[in-house]
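2 protein chains.
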Amino acid sequence: MTIASPQAPTGILARRARVLSPTYRLFYDQPLQLVRAAGVWMYDQHGRAYLDAYNNVPVVGHCHPHVVEALARQARILNTHTRYLAEQPLELAEKLLATMPGELANVVFTCTGSESNDLAVRVSKAVTGGTGFIITDFSYHGVTDVLSGMSPEDGAALGPGVYAVPSPAGPGGPQAFGRHVAECLERMRRDGVSLAALLVDTIFSSDGVYADPKGFLAEAVRHVQAAGGLFIADEVQPGFGRLGESMWGFQRHGVVPDLVTMGKPMGNGHPVAALAARPEILARFARRRHYFNTFGGNSVSCAAALAVLEVIRSEKLLANAARTGAHLMRGLRALAAGTSAIGEVRGAGLFLGVELRANPVSGLAGSAEVKRVVNGMCRRGVLIGSTGRGGDVLKIRAPLTLETQHADVLLEALGQTLASAD
Amino acid sequence: MTIASPQAPTGILARRARVLSPTYRLFYDQPLQLVRAAGVWMYDQHGRAYLDAYNNVPVVGHCHPHVVEALARQARILNTHTRYLAEQPLELAEKLLATMPGELANVVFTCTGSESNDLAVRVSKAVTGGTGFIITDFSYHGVTDVLSGMSPEDGAALGPGVYAVPSPAGPGGPQAFGRHVAECLERMRRDGVSLAALLVDTIFSSDGVYADPKGFLAEAVRHVQAAGGLFIADEVQPGFGRLGESMWGFQRHGVVPDLVTMGKPMGNGHPVAALAARPEILARFARRRHYFNTFGGNSVSCAAALAVLEVIRSEKLLANAARTGAHLMRGLRALAAGTSAIGEVRGAGLFLGVELRANPVSGLAGSAEVKRVVNGMCRRGVLIGSTGRGGDVLKIRAPLTLETQHADVLLEALGQTLASAD
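Note that the protein sequences, when read in sequence, are chains W and G. Numbering-wise, the first sequence is residues 1 to 422 according to the working numbering. Numbering-wise, the second sequence is residues 1001 to 1422 according to the working numbering.
Bear in mind the hints are in silico, worked out from the structure with no lab data behind them. Built from N, CA and C at the ideal position, the CB exists for glycine as well. It cannot be assumed that every hint is accurate.
Stated by the list, open to error - Take a look, some chain G residues computed to stay more than 10 Å from chain W by CB distance:
hint	residue
1	P1101
2	A1176
3	A1326
4	A1337
5	S1362
As the list claims (entries may be wrong) - Label-pair restraints from in silico Cβ distances:
hint	chain 1	residue 1	chain 2	residue 2	range
6	W	G155	G	H1066	40 to 46 Å
7	G	H1290	W	R357	23 to 29 Å
8	W	R289	G	Q1175	46 to 52 Å
9	W	P171	G	E1310	54 to 60 Å
10	G	L1158	W	S194	20 to 26 Å
11	G	R1330	W	R289	36 to 42 Å
12	W	S194	G	E1186	31 to 37 Å
13	G	S1314	W	K214	56 to 62 Å
14	W	G366	G	S1194	57 to 63 Å
15	W	R289	G	T1339	34 to 40 Å
16	G	K1095	W	G155	44 to 50 Å
17	W	E310	G	H1290	14 to 20 Å
With the rest of the complex left out, here is chain W:
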């Protein structure tokens, strides 16, 4: 998925290479130039439509009019910060907390999932006095300096005090996760590292998408909390109804986190994010530190996020994600029954992972086959991605407005791609 193709629009690629940092990467062998989007569809400069089954940021569909109008209306009236009193951040905090267990009763607003996870790390260190963090061994939690040391997917070395345990993709699978965490706590004790927190993406997205069996996270959380550490649920990807049955991924596991971080879909594309917490934890943090995020909780960001919550409710998108997700899962398993190229199909709601194996038609396997399929799907007008340590899992993560007829478009394109050699 690098800049590669001679057929790609050279003017824009040349400008990009000139002014943007070489740290940027484009999707697809033939990078897409997208010029508009609506609902589950994105359109390139030639007017060609692509079904978006990858982007979870536009959670209520691209350019949803209710969100756009809320944003525009508030931007015309006032956009200011939390050092003045205002309705918007309070209403947003109240409505967010209403979707969570009662123990989670305070909110801090930030602008990105990275800022939320970074703050959760700061709070955990300050409140526990510990410096030790447990993460999974191919996790991704964000782009800041401290989070890059907690994001092995990104290729950086683990930060000081950071311990990586086998994810549910590892030995023993999801059922062994509690044991891996218990053993890690023992190792930390031997190393003299005092525990701060367990930080987990509750859908294990970069590890390869692991949702089942429900509740498999609970044992690990019990071990950590018993050892005096905090449990940070990273809901940046699974949050906001993506898993279909509840607003938050941790709810699938019957656990109550100490800190919950959220971001990506919260404003349907607008940069807004948050940290929800048990108030006694933030009270302890507040004894030593204030926290002011200039844009966090600004009037317009709150208006956008409120509109997203309203659409999720009014359009019954959790139920839709569960229904369309189940349809998609059945279709994927039906496809799998007809080819040895598909291994396990995992996930929940509209976050699915499809493990690929050796494909006798293409002669490819693993990440090479996944790359071929992701690019082949794009040529067929369907956007999906890849994930997992081996890069051998298709990542399907559509807007929650995806309907069964859209799922059928995806299934047909996937069937064709798997049955083709190019």
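Start from chain W and add chain G according to the hints.
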């Protein structure tokens, strides 16, 4: 400036205390509830107008119609990320770079000044192999974990490898800054700490606002670059024309930074920020790391930032900031001539610091007098803030659309406040 007053609207304060983190702080003894804003004016729930001479985020004036319409227009069409090709981030990068010396030729987009500074720190460490950072002793650079250790204003301990030097507020004043940095480099060599970067807010905002003499930063930058370190210009507060003569604070000092961070005013309230850099530095970083910021460089954020640049140019706001700033400076110095309560008046363009001394009328001095004046100004309908290690400096930092008649409103209110005992 804490939640204090029994006359404040109790309903909203009670809701705030219930759902928001106790890490939040409100401005003013009588917290303001603001409900709309336009240009340099903000309005409370009773319709009372306040002249905004504090907020630098709404750099082209609150709710500027050109920015609002650009935001709304783009939000209706497309809001997506930098892994697809798009015009908006390229056009924004091109226009930003056109305001800078030619050596600065690549851009990375983020969402907040904190994310930009955090990335500058990551890049500096990776590219130099060093871990040592030099900052000023009451600086503020952001809210992330690593930046909290580089923000002594926030009260946290310095992070590992972080050295604080006396700011221009310290012994020897601005002219001694180069020497302080040279001595620090010597100390780091003795300590065996290898240099990564000098990180400086080019207006020394939290240190108390130091703009003159022009060029006083140059010696420090020479020492650091000669020692193999990078110079990071933190332009989050001084950038975007605030100092009146040029777009960036570093230009006042005739230096070319290795990395330039920007944020707050970039989207006039919309969360958009960036890092500009010498391309050879990002090329070295890119050999080890990619960097993807989900919302960084999204279509709508870019549209907002482009509109801000357009308004700065079309309304000739640099010239206005220089003209109104000079008028304000003259007025403040005239006030100072008539009272012993005002010490030094510093700054450039529309970023001014007014040091207060013992006021014979109020019987107060230092931070107590500054608090009284800031609250008294608010009661008189003018919003300003405070800064400096001793909290004894008034911070005046209005939208760049402030005109001389607005400056006169501020000067009259300040004169009245200083001449009053409450």
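The hints, checked one at a time:
1. P1101: The claim holds: P1101/G sits with its nearest Cβ about 15 Å from chain W, beyond 10 Å.
2. A1176: Holds, because the least Cβ-Cβ distance between A1176/G and chain W comes to about 31 Å, which exceeds 10 Å.
3. A1326: holds, 28 Å
4. A1337: holds, 33 Å
5. S1362: Since the minimum Cβ distance to chain W is about 24 Å, S1362/G lies beyond 10 Å and the statement holds.
6. G155/W x H1066/G: 40 to 46 Å: Holds, at about 42 Å.
7. H1290/G x R357/W: 23 to 29 Å: holds, 28 Å
8. R289/W x Q1175/G: 46 to 52 Å: violated, 35 Å
9. P171/W x E1310/G: 54 to 60 Å: holds, 57 Å
10. L1158/G x S194/W: 20 to 26 Å: Roughly 21 Å apart at Cβ, these two residues keep to the hinted range, so it holds.
11. R1330/G x R289/W: 36 to 42 Å: Since the Cβ atoms of R1330/G and R289/W sit about 40 Å apart, the hinted range of 36 to 42 Å holds.
12. S194/W x E1186/G: 31 to 37 Å: For S194/W and E1186/G the Cβ distance comes to about 36 Å; the hint holds.
13. S1314/G x K214/W: 56 to 62 Å: Given about 57 Å between the Cβ atoms, the range holds.
14. G366/W x S1194/G: 57 to 63 Å: violated, 41 Å
15. R289/W x T1339/G: 34 to 40 Å: holds, 37 Å
16. K1095/G x G155/W: 44 to 50 Å: 33 Å Cβ-Cβ, so the 44 to 50 Å window is violated.
17. E310/W x H1290/G: 14 to 20 Å: At roughly 36 Å between Cβ atoms, H1290/G and E310/W fall outside 14 to 20 Å, so the hint is violated.
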